[in-house]
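Those sequence lines, one after another, are chains A and B. For what it's worth, the numbering used here labels the leading residue of the first sequence as 1, then goes sequentially. For what it's worth, the numbering used here labels the leading residue of the second sequence as 402, then goes sequentially.
Please note that the accuracy of each hint is not assured.
[Said to hold, decoys possible] Sample of chain A residues lacking proximity to chain B, with all beta carbon distances greater than 10 Å (derived):
(1) Glu-34
(2) Arg-120
(3) Arg-221
(4) Met-378
[Unchecked claim] Derived lysine-lysine pairs resembling BS3-like cross-links, with alpha carbons at most 27 Å apart:
(5) B/Lys-408 <-> B/Lys-638
(6) A/Lys-6 <-> B/Lys-529
(7) B/Lys-408 <-> B/Lys-453
(8) A/Lys-7 <-> B/Lys-593
(9) B/Lys-453 <-> B/Lys-569
(10) A/Lys-157 <-> A/Lys-89
(11) A/Lys-246 <-> A/Lys-7
(12) B/Lys-593 <-> B/Lys-638
(13) A/Lys-349 <-> A/Lys-6
(14) A/Lys-6 <-> A/Lys-385
(15) B/Lys-472 <-> B/Lys-542
(16) B/Lys-408 <-> A/Lys-7
(17) B/Lys-569 <-> A/Lys-6
(18) B/Lys-408 <-> B/Lys-472
(19) A/Lys-246 <-> B/Lys-453
(20) B/Lys-593 <-> B/Lys-529
(21) A/Lys-246 <-> B/Lys-569
(22) A/Lys-246 <-> B/Lys-472
Since the hints were made in silico from the structure, they are not lab data. Backbone N, C-alpha and C fix where the C-beta goes; we use that ideal spot for every residue, glycine too.
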Amino acid sequence: MLGLGKKDIALFMIVALLTLLAPFILNPFPEGSELAQFNAGYPDLMQRFVIFGIFAIGFNILFGLTGYLSFGHAAFLGVGSYAAIWMMKLLTMNVIPAIIMAVIVAGLFSVLVGYISLRRSGIYFAILTLAFAQMSYALAYSVLTPITGGETGLQPKVSDPRLFDGALAEGATPQANLFGLDMGASYEMAVGNWLFTFNAGYYVAAAVMLASFYVAIRIFRSPFGIMLRAVKSNQQRMNYTGLNSKPYTLAAFVISGMYAGLAGGLMVAMDTQVGPERMFWTASGEVVLMTILGGAGTLIGPVLGAGMIKYMENIVSKINSDILHTWFAFLPDGLEDVLVAMVYPFVGKGWHLTLGIVFMLVVIFLPGGLVEGGQRIMNLFRRKKRAGDDSTPAPKSHPAE
Amino acid sequence: MSILEIKGVSKRFGGLKALDDVNISVAENAVHAIIGPNGAGKSTLLNCLVGKLIPDTGSVTFQGQSLLGIKPHQINQMGVSRVFQTPEIFGDLSVWENVLIPLFARRDGAFRMHAFETIANEADICDKAEQMLIDVNMQDKMHMHAASLSRGDKRRLEMAMCLSQEPKLLLLDEPTAGMARADTNNTIDLLKEIQASRNITMAIIEHDMHVVFSLAERVTVMAQGTPLVEDTPDNIKGHPKVQEAYLGGH
Ligand SMILES: Nc1ncnc2c1ncn2[C@@H]1O[C@H](COP(=O)(O)OP(=O)(O)OP(=O)(O)O)[C@@H](O)[C@H]1O
Ligand SMILES: [Mg+2]
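The following block holds chain B by itself, in its conformation from the complex:
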């Protein structure tokens, strides 16, 4: 069964066709990778899923519900979290507070006037936040300003923030870019483990084939705004169209 259904989605920026009749169906509990050369429209596609952009044509449905015209915070509350290509974190806040916020958002909804509660009294949320930081191996950095983290750490923090919400669908835009090899491997392990234990569907954009082949069950190859092929990782490896897109695309 598919949890996310993208049908006939197109998006133009002026004269540029960033997305051209994209059809992708992501199966529930699967890890679905989207690969393709720079400028293929991968991030634009994610933008159309989370309410940042509205496609010119086509439909996007999540669990049978249309996502078009729905505000970003509402889409998140439906169970869709996104890790951005350039880390989007709360730079002025501590790492600890960064993980608290998504947990409060998940428990309390889009707005709550909890002006007279103290964080120390929220044992549940504090425990979860702590566990999440341990999971991404950042517990020793919890008091640091998020802005002062390395690029790789910022990504891991953002991932922790999204994972802590236990989304149904997690969208990852190049989650390991800028990470050291060891951190990349840790991230793969973390995603595998969480995916297995919590039944999270993942759509992952990635240039690092090692990551793609370690995680994904399905791979869609995009070029110039259109999906070229969709198949299992093994079949994708030797596919002539893929070679062509990657080599011909540059």
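In isolation and in its complexed conformation, chain A is listed as follows:
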């Protein structure tokens, strides 16, 4: 079906279902309860999950398949964002032209960056991409201010030409929309003490994410995908087999650049503003972390990694010492203070510390990322089921699962 194998269809269906039901799944705790702060089912965060999911899915096509580690992919995300906002200023607040232009411009830019950076491999390639990204960041801040808005960035203004849109009503502000459907529109559903929010923007982004995920599966399973893995495995053999590894790597680079641009365009569609900080090197590093954390070279890993990092960034970072005190309130006073003092560095502003530790643990103990963790747990269950019969080692699973 749709050119996918049985297992891939199952995987895709699960992801689709989870994405559609995310407003429920991410809001397991009733409003007003102490645990409600762990709810992640609010539009802004859900949008981030899927947008960074797209970013990581695309990055994985380059890094996971070919092994080329780019340290500058945020540049394509940023360039996509700028392209999108200009579409909104010049043409229309409809998100379609913005998103399409984001992909095209990021794709073109990645042809340039890829063509030059791919003359080298390994650490030199990584440095070249990093240099390009930092250059873009610096330019956006300085020389290119007329197109980037410099430090303040860009947002749609009432005075923008917007050729395709009619004049705005008096006092109205331009809103991103999909043929009139406001991206900010939300439907709230209260069930008992629970409150679930269904946001138009989220569902648009989620649909795009599912489409991107589908494309990624197709690429992974195609002859082209095998060639990309061949690049990672043995370029020498590849060349002596009559294949030119360069265009394959460049194609992967450009595809991942276009995914980054798509993510950047969607970001603008959800929240109509751009600033250069989007291209800062930490943003490039983040997508590397997401991919490795989830499992580079796996289909679903990057999405998991993106979700995990965004969850920590938004939820763990919100925990402050007051909250910790209420958690440990049942303990005797002295002990409570000690525990709070011990946990405090890892939450709130210290969430990076927790992320760092989690990352180290994963890299050391689960080199295949969260996906490998999941597989190990599954294997444990399977082995238990098979207990008794001579325990043959579980067959090594397909590398790109």
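Fit chain B with the ligands to the given chain A structure using the hints.
Here is chain B with the ligands on its own, set in the frame of chain A:
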């Protein structure tokens, strides 16, 4: 008629003359063996044929076309495949995928953006890959990671990859090293059969004289970068210079 013409090829590595005025002509559809002690320059010579090294002097022509300065993938696309002395396979990929890649390369050329095709739909290529694995008796290992194969199996896989491309010229660098006797004999049979049925010219470097004498029609003996003699296997056996090179070379 000769398909491969090596004329006056020399190659130095610093002060070491790895190849010194090598002249070899390989006849079309022949199996030409190159033997010689370790360090004689046999692998270096192959490197000069496939675009890995550029000789300091001399010329290499394949079917009348010069191979000097041509990229490895282009030389392969001209019909030259090589089995390396240390197996070069796609270790992270399955045995099955390892055989698919050369088949795609042969059909689609050096680059093709087949990102939306599915392998299952490529019946032609899948059939060929399957047949190739059966030919080298590895069909039961098709789902294994290539890196986890034994040394002998890696060689057979690499050979299958090269043979599946149906090259005009197949270069084999010690194809049976590290193989069990039975596998060596199977390999000899396989090469003989393929050579007879598909008209593949082979240049084979080999230390195992059993393999050399079973396959080759011509033998070149090299020592210290220079070919000493070239003759039929029977004449080579008792040649005094050969004895000298092998015994004196160590
Ligand atoms: N890239 C290189 N750089 C420097 N020296 C090299 C290089 N390649 C080969 N040599 C040297 O050239 C000489 C010939 O090596 P070559 O590998 O061609 O020998 P060989 O006949 O294939 O030997 P063997 O039977 O051991 O494989 C050796 O002395 C080797 O050390
Ligand atoms: Mg050698």
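Checked hints:
A/Glu-34, annotated as away from the interface, keeps every beta carbon of chain B farther than 10 Å; the closest lies near 48 Å. Every beta carbon of chain B lies more than 10 Å from that of A/Arg-120, the smallest distance being close to 18 Å; the non-interface claim holds. The claim that A/Arg-221 is not at the interface with chain B is violated, since a C-beta of that chain comes within 10 Å of its own (minimum 6 Å). The claim that A/Met-378 is not at the interface with chain B holds, since no C-beta of that chain comes within 10 Å of its own (minimum 19 Å).
Of the pairs offered as hints, the one joining B/Lys-408 and B/Lys-638 holds, with about 26 Å between alpha carbons and a cut-off of 27 Å not exceeded. Restraint check for A/Lys-6 and B/Lys-529: the C-alpha separation of about 24 Å stays at or below 27 Å, so the hint holds. Among the hinted pairs, B/Lys-408 with B/Lys-453 is consistent with the structure: their alpha-carbon atoms are about 18 Å apart, no more than 27 Å. For the proposed pair A/Lys-7 and B/Lys-593, the alpha carbon gap of about 42 Å is over 27 Å, so the pair is violated.
Distance hint between B/Lys-453 and B/Lys-569 is fulfilled; the C-alpha atoms sit about 19 Å from each other, no more than 27 Å. With a C-alpha separation of about 7 Å, the suggested pairing of A/Lys-157 with A/Lys-89 holds against the 27 Å cut-off. Our distance criterion of 27 Å between C-alpha atoms is broken by A/Lys-246 and A/Lys-7, whose separation comes to about 31 Å. With a CA separation close to 21 Å, the supplied pair B/Lys-593 and B/Lys-638 stays within the 27 Å bound.
With a CA separation close to 44 Å, the supplied pair A/Lys-349 and A/Lys-6 exceeds the 27 Å bound. For the suggested pair A/Lys-6 and A/Lys-385, the alpha carbons sit about 23 Å apart, so the restraint of at most 27 Å is met. For the hint pairing B/Lys-472 with B/Lys-542, the CA-to-CA distance comes to about 33 Å; that exceeds 27 Å, so the pair is violated. Taking the CA atoms of B/Lys-408 and A/Lys-7, the gap is about 56 Å. The hint is violated against a cut of 27 Å.
Annotation: proposed proximity of B/Lys-569 to A/Lys-6 is violated, straight-line Cα distance about 40 Å (limit 27 Å). Note on B/Lys-408 and B/Lys-472: the hinted pairing holds, with a Cα-Cα distance of about 20 Å set against a maximum of 27 Å. For the suggested pair A/Lys-246 and B/Lys-453, the alpha carbons sit about 17 Å apart, so the restraint of at most 27 Å is met. For the proposed pair B/Lys-593 and B/Lys-529, the alpha carbon gap of about 19 Å is at most 27 Å, so the pair holds.
For the hint linking A/Lys-246 to B/Lys-569, the alpha-carbon distance of about 25 Å falls within 27 Å, and the restraint holds. Restraint check: the Cα-Cα separation between A/Lys-246 and B/Lys-472 comes to about 12 Å, which is no more than 27 Å; the hinted pair holds.
Of the hints listed earlier, those the structure fails to meet are numbers 3, 8, 11, 13, 15, 16, 17, in rising order.
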